[in-house]
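Asker: Residue strings, one per chain:
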Amino acid sequence: MELVVFLIAGALAIIGALGLIGFRNPVHSALSLVLSLFAVAILFLNQDAQFLAAVQVIVYAGAIVVLFLFVIMLLGVDQAEDLSVEPITGQRPIALAIGAAVLVLSVLFISVAADGGATGLESVTATKVDSITTTTQSATDALADDQTDGTEALPNIEQLGRSLFTDYVFAFEVTALLLTIAVVGAVLLARKPKGELAPMPEIPVPDTSGAASSPDETEEMEDA
Amino acid sequence: MELTSTWYLVLAAILFALGATGLLVRRNPLIMFMCVELMLNAVNLTFVTFGNDLNDLGGEISVFFVLVVAAAEVVVGLAIIVAIMRRRNEATADDLSVLRG
Chain P
1 MELVVFLIAG ALAIIGALGL IGFRNPVHSA LSLVLSLFAV AILFLNQDAQ FLAAVQVIVY
61 AGAIVVLFLF VIMLLGVDQA EDLSVEPITG QRPIALAIGA AVLVLSVLFI SVAADGGATG
121 LESVTATKVD SITTTTQSAT DALADDQTDG TEALPNIEQL GRSLFTDYVF AFEVTALLLT
181 IAVVGAVLLA RKPKGELAPM PEIPVPDTSG AASSPDETEE MEDA
Chain R
1001 MELTSTWYLV LAAILFALGA TGLLVRRNPL IMFMCVELML NAVNLTFVTF GNDLNDLGGE
1061 ISVFFVLVVA AAEVVVGLAI IVAIMRRRNE ATADDLSVLR G
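Residue numbers (this note's numbering), protein chains in the order written: chain P, 1 to 224; chain R, 1001 to 1101.
Each hint should be verified, as a subset may be incorrect.
Partial chain R-side listing against chain P, Cβ under 8 Å, derived [stated by the list, open to error]: (1) W1007; (2) F1016; (3) L1024; (4) I1031; (5) L1038; (6) A1079.
Just the calculated beta-carbon pair ranges, DEER-fashion [as the list claims (entries may be wrong)]: (7) P:T166 - R:R1027: 18 to 26 Å; (8) P:I8 - R:V1066: 19 to 27 Å; (9) R:T1004 - P:V183: 39 to 47 Å; (10) R:I1080 - P:L177: 18 to 26 Å; (11) R:V1043 - P:E2: 18 to 26 Å; (12) R:T1004 - P:A97: 27 to 35 Å.
Per the computed footprint, the stretches of chain R lying under chain P, defined by three or more beta-carbons under 8 Å from a beta-carbon of chain P, are [stated by the list, open to error]: (13) 1044-1058; (14) 1065-1076.
I should point out that these hints are in silico values taken from the structure, not numbers from a laboratory.
Glycine residues also receive a C-beta, built at the ideal position from the N, C-alpha and C atoms.
Take these sequences, add in the hints, and give me the full structure.
Answerer: Have a look at this one:
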């Protein structure tokens, strides 16, 4: 059953990722990103991370992608991008080669390092108790589980909450500071400046023919 | 066939590689940003996988913080993109070379 869920969700995640880099219209790309993020949320659920699955859907698929769509609509850049021309010579082959290299190297690393599962010691301090099995188990089983594990059988959210507000409380507070700084920075950056801003200098479009680019440059130098 | 953590890790590697390829191929800064989000998500998947495999809550805690940092990053990044696009329409990532000193 878990394998079936994994295969379906994994296929959806890859389809969404391909759509993200393949669609010409930014709105379509954003919607494919939602598909990919949602599939990853399902994979979180498949691995007993219920809280993170919910947060993934709410924060990523809900808030962040909506923010992206909002900016796309606000700026009016929702027209299709022309993907047929290659902006920099050799960019796509090199990008594909780098992407393939990343994939091959990481898969190689996984197959070498994690031969038959992850290596490393099991956690002693922050043990994760499988919430589904403990809630469906009978009380005596759960009690026995407590004694063997040395931890209480708590739901996933409660375990996370306890860990977050005890062991990781400093990081949590720093996170609050980070969010405050991000809000202040966003307000400062997006504020309409007083007075007219000088328009950004036009960059001459790199032209492969070579003939058209030189007059542009002289024109700009005269402007300056 | 049995579902092991290696399957999840390979899927995360594929998603990461797709995100990296998209980041290098596309020139629209918004789509490049979305590709970065996809790469972050792939890494989150590995965190959850290892946390599940090693029976450690630390993996899920890390994902929580990555989520928060990603949200903050998106807010500031989109504000920068809006500020640039307001001054100059149809900006691509190449046009940001005007930021040079």
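Asker: Hint by hint, note whether the structure agrees.
Answerer: Hints, verified against the model:
1. W1007: 6 Å, holds
2. F1016: With Cβ-Cβ at 7 Å, under 8 Å, it holds.
3. L1024: Status holds, d = 3 Å.
4. I1031: 5 Å, holds
5. L1038: 6 Å, holds
6. A1079: 4 Å, holds
7. P:T166 - R:R1027: 18 to 26 Å: 46 Å, violated
8. P:I8 - R:V1066: 19 to 27 Å: With a Cβ separation near 25 Å, I8 of chain P and V1066 of chain R satisfy 19 to 27 Å, so the hint holds.
9. R:T1004 - P:V183: 39 to 47 Å: 42 Å, holds
10. R:I1080 - P:L177: 18 to 26 Å: Given a distance of about 20 Å, which is inside 18 to 26 Å, the answer is holds.
11. R:V1043 - P:E2: 18 to 26 Å: 22 Å, holds
12. R:T1004 - P:A97: 27 to 35 Å: 30 Å, holds
13. 1044-1058: Contact hint for the region 1044-1058 of chain R vs chain P: holds, 13 residues under 8 Å.
14. 1065-1076: It holds, with 11 qualifying residues against the three required.
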